[in-house]
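**Q** Sequences listed follow chains A and B, in order.
If you count by numbering that gives the first Met the number 0, then the first sequence holds residues 0 to 271, one letter each, in order.
If you count by numbering that gives the first Met the number 0, then the second sequence holds residues 0 to 271, one letter each, in order.
Simulated from the structure, these hints should not be mistaken for laboratory data.
For every residue, glycine included, the Cβ atom is placed at its ideal position computed from N, Cα and C.
Errors might be hidden in some of the hints.
Which bits of chain A does chain B cover? Going by a derived footprint, with three or more residues having C-beta under 8 Å, they are [unchecked claim]:
| hint | stretch |
| --- | --- |
| 1 | 4-11 |
| 2 | 103-111 |
| 3 | 141-150 |
| 4 | 180-186 |
| 5 | 200-208 |
| 6 | 219-232 |
| 7 | 257-268 |
What follows is each chain in one-letter form.
2 protein chains.
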Amino acid sequence: MTAATFVLVDGQPATSISVLDRGLMYGDGVFRTIRLQAGQALWWPEQIAKLAADAARLGIACPPAEVWQQDVAQAAKQWPTAALKLVLTRGSGDRGYAPPQAAVPSRLVVAGPLPAWPAALWETGIEARLCELRLARQPRLAGIKHLNRLENVLARAEWDDPALQEGLLLDQAGQMICGVSSNVFIYRDNELLTPRLDQCGIAGVARARLMARAAAYGLPVREAEFDLTALLAADEVLLTNSLIGVWRVAKLGRHVWPQPVIYPVVREFLHA
Amino acid sequence: MTAATFVLVDGQPATSISVLDRGLMYGDGVFRTIRLQAGQALWWPEQIAKLAADAARLGIACPPAEVWQQDVAQAAKQWPTAALKLVLTRGSGDRGYAPPQAAVPSRLVVAGPLPAWPAALWETGIEARLCELRLARQPRLAGIKHLNRLENVLARAEWDDPALQEGLLLDQAGQMICGVSSNVFIYRDNELLTPRLDQCGIAGVARARLMARAAAYGLPVREAEFDLTALLAADEVLLTNSLIGVWRVAKLGRHVWPQPVIYPVVREFLHA
Chain A
0 MTAATFVLVD GQPATSISVL DRGLMYGDGV FRTIRLQAGQ ALWWPEQIAK LAADAARLGI
60 ACPPAEVWQQ DVAQAAKQWP TAALKLVLTR GSGDRGYAPP QAAVPSRLVV AGPLPAWPAA
120 LWETGIEARL CELRLARQPR LAGIKHLNRL ENVLARAEWD DPALQEGLLL DQAGQMICGV
180 SSNVFIYRDN ELLTPRLDQC GIAGVARARL MARAAAYGLP VREAEFDLTA LLAADEVLLT
240 NSLIGVWRVA KLGRHVWPQP VIYPVVREFL HA
Chain B
0 MTAATFVLVD GQPATSISVL DRGLMYGDGV FRTIRLQAGQ ALWWPEQIAK LAADAARLGI
60 ACPPAEVWQQ DVAQAAKQWP TAALKLVLTR GSGDRGYAPP QAAVPSRLVV AGPLPAWPAA
120 LWETGIEARL CELRLARQPR LAGIKHLNRL ENVLARAEWD DPALQEGLLL DQAGQMICGV
180 SSNVFIYRDN ELLTPRLDQC GIAGVARARL MARAAAYGLP VREAEFDLTA LLAADEVLLT
240 NSLIGVWRVA KLGRHVWPQP VIYPVVREFL HA
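Produce the complete structure using the sequences and hints provided.
**A** The following block contains the structure:
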């Protein structure tokens, strides 16, 4: 337990959860990562809608938005600026994989410090690497931010060079999917492309927001299949998530994108 | 929390674990299911060796066998006959997928009642179904009994007919892999075949034991790729795990195997 963390379990300050919780036993749950800023949860309506949608795909009953909102308000009093995590598990149950009919879902809210990224990263762009691990294809889980995240853990364990901010992930078929902690967009031929996430990957809220805002701004954007070669040939590569907003990739291996192209515009309308 | 359960966390009676444990946050850990019988942990040397091997593949330091053995002895005093679960997680850490250098693994032992299977199942054979879910192919995780088990949960949620004891799983490529909670063998042309588990599935201790014993007994056994058609054409289908030992499949959908073939022999040498 990191001291500098505020935790609520089912709305009460707590530090622990039952050993028999299926979130621990099977990763049987979903989560969200949210930026708390001046006491406000960024992109809240989209976040809570996505949490409920992901829970529904696993057959877990999601508490109403108001209940989560009360938790978040409590956390925001302690940590007005924070990286906030909401976790919903199927709850405790008897031994075995079968989801118990009577299970009561567990609701966790964890607030901690935002990662200490230098502000310059948003100006200069970041350096990424290509991960060796390739994501498995599982349509039943694709797009969901669920608690089975060993692929992300193993991919992130591939590097410890602090100069590298992100690792890009292909799937088993060689298609570009996402970053370890982010979604990916490429800009080419005056349009934004982002990988289809019907086989693997997490469909993040920042990704959905960028897609909606780009369309509203008149910038063509669509989901597509593309591989590493297509990414390297793009005019620009962008990464999104709810903590960073959007970054542009300045360097991937030996490949360099020296100047921003559409990034300044995207950055502006994403946060507008 | 089920009342009728005995739990040790790092060797101490406890019921809860830190919310920040990576076992919960990411499924970042491994486990074993073991049959406790008259105070003895069945197939202990194989179980503890497999736990350590699985942990090593994830880069988690596994406590020595003696430490686990003391926990198991404590549990066996309370529950001499039980379904025992050992869980090892990477421990708690700061936010983010990167495995912390300083993480101290968490060691859990949970003892509870054995499932109430009718003894007749070992005589008559069991009824299985084919699951709709198809397992993802991920060589980096294949064979490991890790805590990312949402595929098993979703597959097990496909049926609630108590007459069905197991569901069989194909992978995304249509190869037969395993049962939801068991490994699969088929018997044909006087040899036993069991799916290769280099793409997905869990390589169980009962499976390894059956392979070793069959070879020692002079019964040819090997890993192979085979699909549902080959399974249906087999003389016999066997399922293994550490709680049941071995069952034969008497019925799968409309397909019936009325009589045991090699099962009585396998059952005997597996437990000898």
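**Q** For each hint given before, does the structure comply? Return the numbers of the non-compliant ones in rising order.
**A** The structure conflicts with hints 4, 5, 6 and 7, although it agrees with all the remaining ones.
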